[in-house]
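2 protein chains.
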Amino acid sequence: MKHVDFYFDLSSPYSYLAATQIDAVAARSGAQVRWRPVVLGAVFKTAGNDMPARVPAKAVYMLKDLERWAEEYGVPFRFTSRFPLNAMKAMRCIVAAEEKSLEGALSLALFRAVWVDDRDVTDPAVLREVLAGVGLDPDATLAATDTQSVKDRLRAYTDGALGLGAFGAPTMVVGDALFWGNDRLHFVEKALRG
Amino acid sequence: MKHVDFYFDLSSPYSYLAATQIDAVAARSGAQVRWRPVVLGAVFKTAGNDMPARVPAKAVYMLKDLERWAEEYGVPFRFTSRFPLNAMKAMRCIVAAEEKSLEGALSLALFRAVWVDDRDVTDPAVLREVLAGVGLDPDATLAATDTQSVKDRLRAYTDGALGLGAFGAPTMVVGDALFWGNDRLHFVEKALRG
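These protein sequence lines map, in sequence, to chains A and B.
In terms of my numbering, the first sequence opens at residue 1 and continues consecutively.
In terms of my numbering, the second sequence opens at residue 1 and continues consecutively.
Derived by calculation from the structure, the hints in this document are not laboratory data.
One or more hints might be untrue.
The list treats identical chains as one, so a pair stands whether inside a single copy or across any two.
Said to hold, decoys possible - Straight-line alpha carbon distances no greater than 30 Å define the calculated DSSO-like cross-link-like pairs of lysine-lysine that follow:
{"#": "1", "residue 1": "K2", "residue 2": "K151"}
{"#": "2", "residue 1": "K151", "residue 2": "K58"}
{"#": "3", "residue 1": "K2", "residue 2": "K100"}
{"#": "4", "residue 1": "K89", "residue 2": "K58"}
{"#": "5", "residue 1": "K64", "residue 2": "K45"}
{"#": "6", "residue 1": "K190", "residue 2": "K58"}
{"#": "7", "residue 1": "K2", "residue 2": "K190"}
All chains should be modelled from the sequences, with the hints used to inform the complete structure.
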């Protein structure tokens, strides 16, 4: 079966926007999404990149641009009051959720918590609520985030993305073709069809 | 009449790609393009931005991405062997061409010289040829590039773009809405229709 590997960080608003579309993009080509959380800070550091919002005029523009995309897609969006946020624990939950094949559902639920409901996903109580909401056992999942295998897997996804040439998020990979940005989903779809 | 102000630097490959489309985008909404060359180096410096190609993995990706867009648009594209290039003189020619209302035609001809034919637009002989090709008097136009009014106008466009919030190129402005990037032409078209 065809796959698109979707590399994202929950703290990235463009990753949220792309996440709202990626299942449909893949489905239209009979492909499946593989959800791959990555630590964007590590990607930036290793790639020698920086947060786009470091450029003041770009930060102002991005707020407007994000709203335009949300309107285009017809999805809710509210810029989090907690930016930049450390979503490490939440992303380890996503990795842990793979065991129950709920990583996609959990990714979307966590994206909504951050980029729609302005919730604090660094707070274990919030995480528990979101985990339970998608049918995961909060205790078991949170316990798994402290295991070396889950930590290692999140690191492996991050290193894997870097190895493929990623320098930001979201990054989509189809075969050996890499695409960067919510605004390249049309190229991803073309690649899946090609 | 509705307008879209198209701020560009000849040295920017994404500006070239957008330039190949902007007339059609405007025409579909009964709008007109105002061609506004800007000195991208000055925009980057004042905005605190940097060339995207400074990030090695991004530079690699961009070459592929530019090819994808050229294919999508069905336009020829070859990355110039002279990058980064100083297109100051050529952009002053565009400003000087306003007197004959040939700034659009000259912009497109110069973009082709740089991003299709790999010509050296810092060479006055090349400039003369391109100028003559669009029906401009090479001597008169080159002489005008040394006048203060032409120099000031190029600077005014650059400062104007910065004043509107620009931080890169291409930048498109419709009314008070600013759009950045070849990949936002669909939003430009929406704004022109709205």
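To see whether the hints hold, each was checked on the structure:
no.: 1; hint: K2 / K151; result: within (27 Å within a copy, 55 Å between copies)
no.: 2; hint: K151 / K58; result: between (33 Å within a copy, 27 Å between copies)
no.: 3; hint: K2 / K100; result: within (21 Å within a copy, 55 Å between copies)
no.: 4; hint: K89 / K58; result: both (29 Å within a copy, 28 Å between copies)
no.: 5; hint: K64 / K45; result: both (27 Å within a copy, 23 Å between copies)
no.: 6; hint: K190 / K58; result: both (29 Å within a copy, 21 Å between copies)
no.: 7; hint: K2 / K190; result: within (13 Å within a copy, 34 Å between copies)
In summary, this structure violates none of the numbered hints.
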